[in-house]
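Trainee: The hints should help you fit chain Z onto chain Y, whose structure is shown.
Here's the letter readout for the chains.
2 protein chains.
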Amino acid sequence: MKTKRFFLPESEIPAAWYNIVADMKNKPLPMLHPGTKQALHPEDLYPIFAQELCHQELNQTDRFIEIPEEVRELYKNYRSTPLVRAYGLEKALDTPAHIYFKNESVSPVGSHKLNSALAQAYYCKKEGITNITTETGAGQWGAALSYAAKAFGLELAVYMVKVSYEQKPYRRSIMQTFGALVIPSPSMSTKAGRKILTDHPNYQGSLGTAISEAIELAMQTPNCKYTLGSVLNHVMLHQTVIGLEAEKQMAMAGEYPDVVVACFGGGSNFSGISFPFLRHKLSGEKNTRFVAAEPASCPKLTRGVFGYDFGDEAGYTPLLPMFTLGHNFSPAHIHAGGLRYHGAGTIVSQLFKDNLMEAVGIKQLDSFRAGILFSQTEGIIPAPESCHAIAATIQEALKAKEEGTRKTILFNLSGHGLIDMTAFDAYLSGDLYNYELSDEVIKENVRQLELK
Amino acid sequence: MKTKRFFLPESEIPAAWYNIVADMKNKPLPMLHPGTKQALHPEDLYPIFAQELCHQELNQTDRFIEIPEEVRELYKNYRSTPLVRAYGLEKALDTPAHIYFKNESVSPVGSHKLNSALAQAYYCKKEGITNITTETGAGQWGAALSYAAKAFGLELAVYMVKVSYEQKPYRRSIMQTFGALVIPSPSMSTKAGRKILTDHPNYQGSLGTAISEAIELAMQTPNCKYTLGSVLNHVMLHQTVIGLEAEKQMAMAGEYPDVVVACFGGGSNFSGISFPFLRHKLSGEKNTRFVAAEPASCPKLTRGVFGYDFGDEAGYTPLLPMFTLGHNFSPAHIHAGGLRYHGAGTIVSQLFKDNLMEAVGIKQLDSFRAGILFSQTEGIIPAPESCHAIAATIQEALKAKEEGTRKTILFNLSGHGLIDMTAFDAYLSGDLYNYELSDEVIKENVRQLELK
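Order-wise, the sequence lines are chains Y and Z. Residue numbering for the first sequence follows this note's numbering, starting at 1 and increasing by one per position. Residue numbering for the second sequence follows this note's numbering, starting at 1 and increasing by one per position.
Just so you know, the hints here were simulated from the structure itself, not pulled from any lab data. Remember, predicted model here, so these are calculated numbers, not experimental data. Some clues are possibly wrong.
[Said to hold, decoys possible] Keeping only pairs whose Cα atoms sit at most 30 angstroms apart, straight-line, the calculated DSS-like set for lysine-lysine is: (1) K126(Y) with K4(Z); (2) K76(Y) with K91(Z); (3) K126(Z) with K4(Z); (4) K125(Y) with K91(Z).
[Said to hold, decoys possible] Pulled from the structure, derived: some chain Z residues nowhere near chain Y, Cβ distances all over 12 angstroms: (5) K2; (6) H41; (7) Q51; (8) V106; (9) N131; (10) N202; (11) A251; (12) G307; (13) K353; (14) L365; (15) E436; (16) R447.
[As the list claims (entries may be wrong)] Among chain Z residues calculated to face chain Y with C-beta under 8 angstroms, some are: (17) T3; (18) N77; (19) P108; (20) S173; (21) I174; (22) K407; (23) L428; (24) L432.
Cβ atoms here follow ideal geometry from the backbone N, Cα and C, with glycine treated the same way.
Just chain Y, with the same shape it has in the complex (with noise of 0.2 angstroms):
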């Protein structure tokens, strides 16, 4: 019989994360100050976020850092994840690739974000901070950090995106569950939110919001920081956990990955399953391919621009160096709610400049029609971004059999869709649609960054 799931052992599982950094030969440009528009220091961040984050996010030397054996010990309850054979969807396709994927939709949250999460939580606990606040799209970050922070005893407060808190209820009440306070984004609770909506009143929210909201809060609660779920290089760094095990897994299965396919919305899961391969090819030896799968309603990298933006909607977060559709820029209300967001991380921005990555923008009907198809052939309903992904996927099965070639295809399963199934009921009746997004606003957008 052939073998399906590849696991590591768990004294296999990595001790340190991979921080791509520091073998970059471009690295990024440095993030400002909004105010004195000077490169940041670590201590500039200190307001923000625990400390040791801060210097992991400027960190541009060491190429590996150590995992907290706490956080390790954590990781246990479900890394390593399973590489998997998805011989059913090859079968389905008729093509000749080799397609795996890493599932990190076992953990017990549902998605790869508790990769991250639990080590923010970390480092904040042991720092002696005992509130935490954040922001949520979809809701796989905020189901994550409220776990965490129930692990390490942190009292958690979470800015849901409006939209999502709607769509979704069952992650609001996973939070709940983990004893977290869910909080719909915008919200009267802050400057932030109460401009909005005052401006736009039926405002459904996004990312953007969401985290100037979260910042606010933890400015102005004592004992409290901030932490993010993806866009960040700590949270990149992180993430790398990922990309780590799968390297030893596909050795395991004496494959090399040809292609690395990942949906797109900050960057963190792309980060992920990328890096470790990416280091390969910086260092010369292999030439994979990567291919960072966006929703085409919210296409920061295919249609964005290089450029300073902010991270957030009212301008709290440092000038960013990335590929950006505007820090105004109002997605479409497609159920990937995990992509609805304006930027790129700047790594990975610095990468996609540098053509060492390429990115594709999914439509969402075709998004949900490769969703299915995977549900179908492989028995996991996707997440709704997880679903970009695997449309990507199939596009690159799909050339491997019109060439002829056999090609072999790795991509992240971030998460699992069995808290989304309202947007597969509404695909299913079909209730979805595609959402067309002119140059114009685009354009619009885009004019009023600091810097090109």
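Mentor: Leaving out everything else, chain Z in the frame of chain Y:
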């Protein structure tokens, strides 16, 4: 670092199921033909089930029955499931007991039900059957069979208990995503459904009624068989893959359980985890205790009577010798929909009669309290059904603490609760109740049983 999760390599996934009946000194009494009252032969069941399943149902001689290659191939999508040491829960309870759980919730459909669904779909396909029907309570079985039917290319119609259809719309969507037809029961599509709707217009359904409807549809559809997710001997047989794995995994952990706990509806997950360990009690080698945790509001084992009764509401099934509350018993609308069944499978009933196992009634509020503690300490939100097993496990662990004895407890986490968040929502909002069941109601319901 201590090992937290134990896996088996794919080569160690059991190659045969364990048929406990072959080892029982007192075999279960025969099932009776409802018309002739004669002991049933496999051929009598041919109109309802795939023939191979009919033979498995009445097999009293073969201790082990080979798992077909095609089924093992699909088992590999999620098996072995991890055996997990619940360090977090132990710590919260401050108990000297060692608590382990077998995590069947990692199955792609979220519960142990897939173990039998794949087997039943396989045998149907092999015998040239094109259409199958079933019923589902909470939707766990229906979701599992929907995927299994798709995997083997069968059409499936699922009657879903109406109260669950409304409480758990996501499970309905999951079944539809896998391509199944889902009908709330009681429905107008069958004689049995129409009768009960006429007699009780607002009837919210029960497993018994849904079974009647599914059998009726199967009998009236060409090339169609009925399938069942619990109660019957062949279902228990397929589920023994759980305990067979757990036995090897407990050995990896260097332990053997003093107590094995599982929640109890019709008996499928209880049998699955218990029977392989029970064989060492039947042989006199071990003196393990086995505890079935049933809802206090549906107490077939703790307060029911032993006698011949129908497996369904309308009386379409053979007469089964079992502990029962009477086939017209209408259980309270607790959220553990999978436990709302009036009877216990015939094997379990015989074992219980022979004092080879125990049962305990768990109140709804106690089950959710236990489930939330488990969520917050282990990170996994359990199904409302599984919450009953956790509550019973906690009772055992606290008893061990009181007595100051070191005890090894193993329970089966039959499924996760991510699709049952409305139930947790209701619990957290204080909207859930315990249901008291009077002796008179029980007496009234069992008065009509065929034999005692």
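Trainee: For each hint, tell me whether it holds in the structure or not.
Mentor: Now for the hints, and whether the structure bears them out:
For the hint pairing K126(Y) with K4(Z), the CA-to-CA distance comes to about 23 angstroms; that is within 30 angstroms, so the pair holds. At roughly 17 angstroms between alpha-carbon atoms, K76(Y) and K91(Z) fall within 30 angstroms of each other, so this suggested pair holds. Our distance criterion of 30 angstroms between C-alpha atoms is broken by K126(Z) and K4(Z), whose separation comes to about 40 angstroms. Among the hinted pairs, K125(Y) with K91(Z) is consistent with the structure: their alpha-carbon atoms are about 19 angstroms apart, no more than 30 angstroms.
With a least beta-carbon separation of about 8 angstroms from chain Y, K2(Z) fails to lie farther than 12 angstroms from that chain, contradicting its non-interface assignment. For H41(Z), the shortest C-beta to C-beta distance to chain Y comes to about 35 angstroms, beyond the 12 angstroms cut-off, and the non-interface label holds. For Q51(Z), the shortest C-beta to C-beta distance to chain Y comes to about 26 angstroms, beyond the 12 angstroms cut-off, and the non-interface label holds. Not every beta carbon of chain Y lies more than 12 angstroms from that of V106(Z), the smallest distance being close to 6 angstroms; the non-interface claim is violated.
Listed as a non-interface residue, N131(Z) keeps its Cβ farther than 12 angstroms from every Cβ of chain Y; the least gap is roughly 17 angstroms. The beta carbon of N202(Z) sits about 26 angstroms from the closest Cβ of chain Y, which is more than 12 angstroms, so the claim that it is off the interface holds. At the 12 angstroms boundary, the C-beta of A251(Z) stays outside the reach of chain Y, the nearest C-beta of that chain being 16 angstroms off. Every beta carbon of chain Y lies more than 12 angstroms from that of G307(Z), the smallest distance being close to 40 angstroms; the non-interface claim holds.
No Cβ of chain Y approaches the Cβ of K353(Z) within 12 angstroms, the least distance being about 38 angstroms, so the stated non-interface status holds. The Cβ of L365(Z) lies farther than 12 angstroms from every Cβ of chain Y, with a closest approach of about 15 angstroms, so its non-interface assignment holds. For E436(Z), the shortest C-beta to C-beta distance to chain Y comes to about 27 angstroms, beyond the 12 angstroms cut-off, and the non-interface label holds. Remark: the non-interface label on R447(Z) is consistent with the geometry, its nearest Cβ contact in chain Y lying 42 angstroms away (cut-off 12 angstroms).
The beta carbon of T3(Z) comes within 6 angstroms of a beta carbon in chain Y, closer than 8 angstroms, and the hint placing it at the interface holds. Hint on N77(Z) holds. Least Cβ distance to chain Y is approximately 6 angstroms, under the 8 angstroms limit. Look at P108(Z): its Cβ gets to within about 4 angstroms of chain Y, closer than 8 angstroms, so that hint holds up. Given the 8 angstroms rule on beta carbons, the hint for S173(Z) holds: about 4 angstroms separates it from the nearest Cβ of chain Y.
The beta carbon of I174(Z) comes within 6 angstroms of a beta carbon in chain Y, closer than 8 angstroms, and the hint placing it at the interface holds. For K407(Z), the suggested interface contact is broken, since its CB lies about 23 angstroms from the closest CB of chain Y, more than 8 angstroms. The closest approach between the C-beta of L428(Z) and any C-beta of chain Y is roughly 6 angstroms, which is under the 8 angstroms cut-off, so the hint is satisfied. Violation of the interface hint for L432(Z) is found here, the shortest Cβ-Cβ separation to chain Y being roughly 13 angstroms, above the 8 angstroms cut-off.
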